[in-house]
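Colleague: Chain by chain, the residues:
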Amino acid sequence: MSMNEEKTEFRPLIVAFCCNWCSYAGADLAGSSRLSYPADVKIIRVPCSGRVNPMFILRAFERGADGVIICGCHPGDCHYSTGNYYARRRMTLLFSMLDYMGVENGRTRVEWCSAAEGVKFSNTMNEFCEKVKSLGKSVRLGDIRCKD
Amino acid sequence: MQRIGVFVCHCGTNIAATVDVKKVVELVRFEPGVVFADDYMYMCSEAGQEKIIAAIKEHDLTGLVICSCSPRMHEKTFRACAEKAGLNPYMVEVANIREQCSWIHKDREEATEKAVILARAAIAKVNLNTPLQEGESPVTKRALIIGGGIAGIQTALDIADAGYEVDIVEREPSIGGRMSQFDKTFPTLDCASCILTPKMVEVNQHPNITLYTYSEVEGVSGYVGNFDVKIRKKARSVDMSACTGCGECQAKCPLGKMGKIPSEFDRGLRTRPAIYMPFAQAVPAVPVIDRENCTYFKTGKCGVCAKICPSKAVNYEQEDEIVTVKYGAIVVATGFDIINLDKFGEYAYNESPDVITSIELERLMNASGPTGGHLERMSDHKQPKDIVFIQCVGSRCDDEKGKPYCSKVCCMYTAKHAMLIKDHWPDTNITVFYIDVRTPGKNFDEFYRRAVEQYHVNYVKGQVGKVIPQPDGSLLVQGVDLLDNKQIMKKTDMVVLAAAVEPNKGVRKIATMLTASIDNNDFLTEAHAKLRPVESPTAGIFLSGMAQGPKDIPETVSQAGAAAVKVVGLLAKDKLKTNPCTAKCDPMFCNGCSTCANVCPYGAITYEDQQVRGPGVNETRRVAVVNNALCQGCGACTSACPSGAMDLQGFSNRQITTEVDSICR
Amino acid sequence: MTKQEIEKKVELIKEISGCDPYKCMKCGKCSGSCPAFNEMDVKPHQFASYIVNGDIESLVSSKSLWKCLTCLACIERCPRSVQPGKLIDAARQLVERERGGDYLHAEDIPELLDDDVPQQLLVSAYRRYRR
Chain A
1 MSMNEEKTEF
11 RPLIVAFCCN
21 WCSYAGADLA
31 GSSRLSYPAD
41 VKIIRVPCSG
51 RVNPMFILRA
61 FERGADGVII
71 CGCHPGDCHY
81 STGNYYARRR
91 MTLLFSMLDY
101 MGVENGRTRV
111 EWCSAAEGVK
121 FSNTMNEFCE
131 KVKSLGKSVR
141 LGDIRCKD
Chain B
1001 MQRIGVFVCH
1011 CGTNIAATVD
1021 VKKVVELVRF
1031 EPGVVFADDY
1041 MYMCSEAGQE
1051 KIIAAIKEHD
1061 LTGLVICSCS
1071 PRMHEKTFRA
1081 CAEKAGLNPY
1091 MVEVANIREQ
1101 CSWIHKDREE
1111 ATEKAVILAR
1121 AAIAKVNLNT
1131 PLQEGESPVT
1141 KRALIIGGGI
1151 AGIQTALDIA
1161 DAGYEVDIVE
1171 REPSIGGRMS
1181 QFDKTFPTLD
1191 CASCILTPKM
1201 VEVNQHPNIT
1211 LYTYSEVEGV
1221 SGYVGNFDVK
1231 IRKKARSVDM
1241 SACTGCGECQ
1251 AKCPLGKMGK
1261 IPSEFDRGLR
1271 TRPAIYMPFA
1281 QAVPAVPVID
1291 RENCTYFKTG
1301 KCGVCAKICP
1311 SKAVNYEQED
1321 EIVTVKYGAI
1331 VVATGFDIIN
1341 LDKFGEYAYN
1351 ESPDVITSIE
1361 LERLMNASGP
1371 TGGHLERMSD
1381 HKQPKDIVFI
1391 QCVGSRCDDE
1401 KGKPYCSKVC
1411 CMYTAKHAML
1421 IKDHWPDTNI
1431 TVFYIDVRTP
1441 GKNFDEFYRR
1451 AVEQYHVNYV
1461 KGQVGKVIPQ
1471 PDGSLLVQGV
1481 DLLDNKQIMK
1491 KTDMVVLAAA
1501 VEPNKGVRKI
1511 ATMLTASIDN
1521 NDFLTEAHAK
1531 LRPVESPTAG
1541 IFLSGMAQGP
1551 KDIPETVSQA
1561 GAAAVKVVGL
1571 LAKDKLKTNP
1581 CTAKCDPMFC
1591 NGCSTCANVC
1601 PYGAITYEDQ
1611 QVRGPGVNET
1621 RRVAVVNNAL
1631 CQGCGACTSA
1641 CPSGAMDLQG
1651 FSNRQITTEV
1661 DSICR
Chain C
2001 MTKQEIEKKV
2011 ELIKEISGCD
2021 PYKCMKCGKC
2031 SGSCPAFNEM
2041 DVKPHQFASY
2051 IVNGDIESLV
2061 SSKSLWKCLT
2071 CLACIERCPR
2081 SVQPGKLIDA
2091 ARQLVERERG
2101 GDYLHAEDIP
2111 ELLDDDVPQQ
2121 LLVSAYRRYR
2131 R
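Residue numbers (this note's numbering), protein chains in the order written: chain A, 1 to 148; chain B, 1001 to 1665; chain C, 2001 to 2131.
Heads up, a few of these hints could be off.
Claimed, not checked - Distance condition first, Cα-Cα at most 25 Å in a straight line; then the derived BS3-like pairs of lysine-lysine: (1) B:Lys1252 - B:Lys1301; (2) B:Lys1343 - C:Lys2023; (3) B:Lys1486 - C:Lys2026; (4) C:Lys2026 - B:Lys1408; (5) B:Lys1230 - B:Lys1486; (6) A:Lys120 - B:Lys1530.
No lab work stands behind these hints, which were simulated from the structure alone.
All values derive from a computational prediction rather than experimental measurement.
Using the sequences and the accompanying hints, generate a full structural model.
Modeller: Dropping the structure here:
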């Protein structure tokens, strides 16, 4: 992204982890319904929200992401029965730690979105983008294991 | 290093209108690993696929990135295409630049930029892809049904009719289950045995069905398609092939006349001999000796049955036999029982013989029951003139006394009982204390209304607080009419309790053997509450009947049919293709902590002692092993693993991390 | 009473009784058990809905408050753990507290013992306010 023009508005970099069964399909539905959301959102497909390892999120913030959102199936609808419950608990912990590390709670989110909720997906992304935008550039986490 | 080919699709104008396809091709051409990049109008078309195949051959490609529509749409197509060209199908990644890019963005520059980023992420991932092989496992074309009630019978018949061999394991001496104890069935009031016994006989005579009655499942090993099941055939003490079912032994057993052994089938309302068939229409019509009560087995004296048996079938020496059989699929149809009422002292169930449960009432009204179908009080054998029914006894309780769920069948069977009694003895006064009358189902509410409107059954909205047996033999019922806001003190002759249903006692043991999950109430859980209601999350295990949750006979029969279709669908396959995107444990890092096994919804992770060799390590230790036939690839274990030993093939930690990296570049 | 006051009292009743009136499914087993039913103006099965609907004023001024025998039958038999007996006991406490009887010394108890006062009330009041 070009930094040379001063009047260029801040464009956040947002990574979205979507589970293959519900929210990735919801994102596809948002697409086929032509419901727009900012191009700042880049989706990574994972089999289940329970697959999202906290390391991925830390890595994203380390590499300069401004916001990370994890989307899964609604409680009770997980394709693998319980993955989203684990994700919810795991992320609650991680987010409070991230907040402590300077990555505000507004930059992280877990959202449930079914394959039929294209509208919800697009609204969520718009809302989340606005939120992250208002928070500005995120602090960049450093990896103290191996500085390059 | 991979040799990657990138193919960008125009999708007519669907993509090309907002994404500058040519520019994408130019920009990704110099990404690491990319040796070829091209665009085409319709990549998924015959011509497009041929283009891909040609490029694979010409440039010796080892990986493909297709920038097109959603992988949910055409991933399969492109994988098949790669396979045609001799490339491993799992070396293909799809960058979704239509649904998640061109269709939602209007600004051409922005959309093109995003398309490039998405393509880069996919390229970075393919660089780390490894060829994956779909596993294959053979299928044993034989199904096991645990439980021989109406659920098990129907499932067995449906599978057997489709041409597969089925075994039924039933704990009791006869199949038939709860339904064989019932008198009539709602809402049509046809007699239960009239519709059940023909099915029982059919099961017995079906060439594809083998019955293991008076038998129990002892152990299960293996996985979908390849279960090894140990079945204990308890000693019947009667030779099945010699016995003609004449019943002489039952009639002559000295214990029969003494009336000391309560009949389980008649819920203790009558007694049985030590050698017995549970009921006259039992299938198989072969008695068993109840060794705990039999005088011969207790004292070594008696032997009347052996002496009297015309076909010399009685064999006291018979021993339990254990057989091991291979199965491809297992159906759990273990059914239900009613809860123990000891904790409900207020209803005086243990104090008065005239306070009975609904299932005992079924026996009292059954023509083959202890009273020959004549309704009478167990205390003085007089016909009751006034009967009180109490609903929700133990159902919808949130304390430890009862069950939190609605038992679903009680409202309907109580209406049935009330009407049947009124039909036979119209001057009987019937009061039903209810909390709610729940009658969803075809012709169900009409049925209940008929009890009120046509038979004038007195339905009282309220509950009974106490039943007090009176010195004159009657019962004093203290209850409330909430709509009148009045307390009712009422003398009655008989109280019938609609006790809550619960899964049969043995189900916990069976579920543990099968690694099938059960809920807080011991009902088996389904793989998906809405979309996979007859499958257990454990592959190859199917659910039928009350074992999965409260349901009536029509529902049970339809679920039994559904389970049968799922079983047939499995058995029809010669080989099972297994999803290669499964979890994999790196023994170097695994310390056998069991965290992964605890989060695995499929019981796919076991532990074994392995020799671990590496830099500075050479030891035997307990490590996790993933069963690829059971693993569904959800990845729950990978993010739970504290040491990073678990990884998911096809969505590995490195692959996802590199996607994150290339997006955040 | 203002809305805030009512809410405060509802919370107080919930806290003292340890019961959740929202769990009531209106089965009426409490009223079907109550030996003092005919003496009461507000019946046991109505306690929960009076609290849920915020009609605390009617509840605390009802005769039922003082007619309850604290026999515990409804507490024992309630299938939903709403336990109307505990709710009405909490409402009684509410009244007692407002009367200024919010403090009880162990040494005062013997002379307070009176055959007409429900023992349960005395014991529970001591248990809760002996600080």
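Colleague: Compare the structure with each hint and give your call.
Modeller: Structure-based check of all given hints:
Under the criterion of a C-alpha separation no larger than 25 Å, the hint pairing lysine 1252 (chain B) with lysine 1301 (chain B) is consistent with the structure, at around 15 Å. Taking the CA atoms of lysine 1343 (chain B) and lysine 2023 (chain C), the gap is near 21 Å; set against the 25 Å cutoff, the hint holds. Under the criterion of a C-alpha separation no larger than 25 Å, the hint pairing lysine 1486 (chain B) with lysine 2026 (chain C) is consistent with the structure, at around 14 Å. A C-alpha spacing of about 18 Å is found between lysine 2026 (chain C) and lysine 1408 (chain B), which places the hinted pair at or below 25 Å, so the restraint holds.
Restraint check for lysine 1230 (chain B) and lysine 1486 (chain B): the C-alpha separation of about 59 Å exceeds 25 Å, so the hint is violated. Taken as a hint, the lysine 120 (chain A) and lysine 1530 (chain B) pair is honoured in the structure, with Cα atoms around 22 Å apart against an allowance of 25 Å.
Against the hints set out earlier in the document, a violation occurs for number 5 only.
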